[in-house]
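Q: If you want the building blocks of each chain, they are given just below.
Number of protein chains: 2
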Amino acid sequence: MFELHPTLAKDSLPIIDDAAFMIRLINDARFPWVLIIPKRAGAQELHDLTPDMFDQAMRLSERLGRVMKASFKADKINTAAIGNMVEQLHIHVVARSRDDAAWPAPVWGSGPMQPLSDAEADRRITLIRDGLADPG
Amino acid sequence: MFELHPTLAKDSLPIIDDAAFMIRLINDARFPWVLIIPKRAGAQELHDLTPDMFDQAMRLSERLGRVMKASFKADKINTAAIGNMVEQLHIHVVARSRDDAAWPAPVWGSGPMQPLSDAEADRRITLIRDGLADPG
Numbered sequence: 015m016f017e018l019h020p021t022l023a024k025d026s027l028p029i030i031d032d033a034a035f036m037i038r039l040i041n042d043a044r045f046p047w048v049l050i051i052p053k054r055a056g057a058q059e060l061h062d063l064t065p066d067m068f069d070q071a072m073r074l075s076e077r078l079g080r081v082m083k084a085s086f087k088a089d090k091i092n093t094a095a096i097g098n099m100v101e102q103l104h105i106h107v108v109a110r111s112r113d114d115a116a117w118p119a120p121v122w123g124s125g126p127m128q129p130l131s132d133a134e135a136d137r138r139i140t141l142i143r144d145g146l147a148d149p150g
Numbered sequence: 015m016f017e018l019h020p021t022l023a024k025d026s027l028p029i030i031d032d033a034a035f036m037i038r039l040i041n042d043a044r045f046p047w048v049l050i051i052p053k054r055a056g057a058q059e060l061h062d063l064t065p066d067m068f069d070q071a072m073r074l075s076e077r078l079g080r081v082m083k084a085s086f087k088a089d090k091i092n093t094a095a096i097g098n099m100v101e102q103l104h105i106h107v108v109a110r111s112r113d114d115a116a117w118p119a120p121v122w123g124s125g126p127m128q129p130l131s132d133a134e135a136d137r138r139i140t141l142i143r144d145g146l147a148d149p150g
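The listed protein sequences correspond, in order, to chains A and B.
Residues in the first sequence are numbered from 15 upward in steps of one, following this note's numbering.
Residues in the second sequence are numbered from 15 upward in steps of one, following this note's numbering.
Rather than coming from a laboratory, the hints here were simulated on the basis of the structure.
Some hints could be false.
Repeated chains share a single entry, so a pair holds when one copy, or any two copies, can fit it.
Unchecked claim - Derived SDA-like pairs: lysine to any residue, alpha-carbon spacing no greater than 20 Å straight-line:
no.: 1; residue 1: Lys-83; residue 2: Glu-17
no.: 2; residue 1: Lys-83; residue 2: Gly-125
no.: 3; residue 1: Lys-87; residue 2: Gly-123
no.: 4; residue 1: Lys-24; residue 2: Met-127
no.: 5; residue 1: Lys-83; residue 2: Ala-34
no.: 6; residue 1: Lys-53; residue 2: Ser-111
no.: 7; residue 1: Lys-87; residue 2: Asp-66
no.: 8; residue 1: Lys-83; residue 2: Val-100
Kindly generate the complete structure, drawing on both the sequences and the hints.
A: Here is the structure:
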């Protein structure tokens with residue numbers, strides 16, 4: 015049975031939770047940063063997904079990248095499945111700006127997360143939900 | 015017209031070069047590390063690819079991850095499209111080991127590359143070519 019890894023649960027806030035995927039916002043004011051977590055128990059690598067879930071996960075990451083680039087006026091989207099610290103498969107989609115706290119380095123290993131205010135968390139979650147709901 | 019970015023050309027060696035994609039080996043002895051470069055002029059983000067090329071690129075990255083995990087007896091595959099330094103779209107697939115030079119940090123920003131010997135470059139290129147050619 016699928017259960018969200020406690021580290022991912024602790025570090026992020028729910029955006030969408032459907033039958034196949036969770037989409038969650040990392041609780042870090044420095045970067046608009048989202049995780050896609052496929053609900054497949056035991057999956058650690060992208061190739062542990064069924065072909066169907068893999069295609070869905072990739073299209074979701076592409077769609078999130080497009081939405082986040084526009085919504086957060088990002089200079090670049092960083093998309094990655096790493097999982098060296100938390101083995102449960104999760105895909106990062108991060109909206110980067112040339113003036114953000116880590117540029118041009120990646121966000122992983124860029125220092126401690128800075129918790130979001132409730133208002134900023136709500137703003138980001140709403141932008142992402144609305145962007146995903148927009149058929150454009 | 016598509017032309018390989020000079021930084022990517024300088025840092026990597028050819029494995030496969032077909033009509034739609036280049037697959038290249040990063041010239042770094044520390045990690046088995048491959049780039050997929052879709053031959054689409056001007057593409058910087060995954061969502062700049064046509065839907066067809068996107069699906070092909072994702073399947074290729076999944077396949078490379080599977081092949082590299084087995085061929086290099088990796089503990090984890092890291093897959094990422096970052097592009098903060100080199101804007102031409104390229105997807106990293108890296109075979110990681112718990113005892114490698116950067117674990118558990120990502121390879122990006124992990125210090126200077128250590129050039130491969132010709133023999134080790136050949137060995138890696140052959141393992142990847144053979145793995146991709148294997149229908150299993």
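Q: All hints, please: hold or fail.
A: Status of the hints after comparison with the structure:
no. : hint                : in the structure
1   : Lys-83 with Glu-17  : neither (30 Å within a copy, 25 Å between copies)
2   : Lys-83 with Gly-125 : neither (23 Å within a copy, 29 Å between copies)
3   : Lys-87 with Gly-123 : neither (24 Å within a copy, 25 Å between copies)
4   : Lys-24 with Met-127 : within (12 Å within a copy, 35 Å between copies)
5   : Lys-83 with Ala-34  : neither (24 Å within a copy, 25 Å between copies)
6   : Lys-53 with Ser-111 : neither (30 Å within a copy, 26 Å between copies)
7   : Lys-87 with Asp-66  : neither (31 Å within a copy, 26 Å between copies)
8   : Lys-83 with Val-100 : between (26 Å within a copy, 18 Å between copies)
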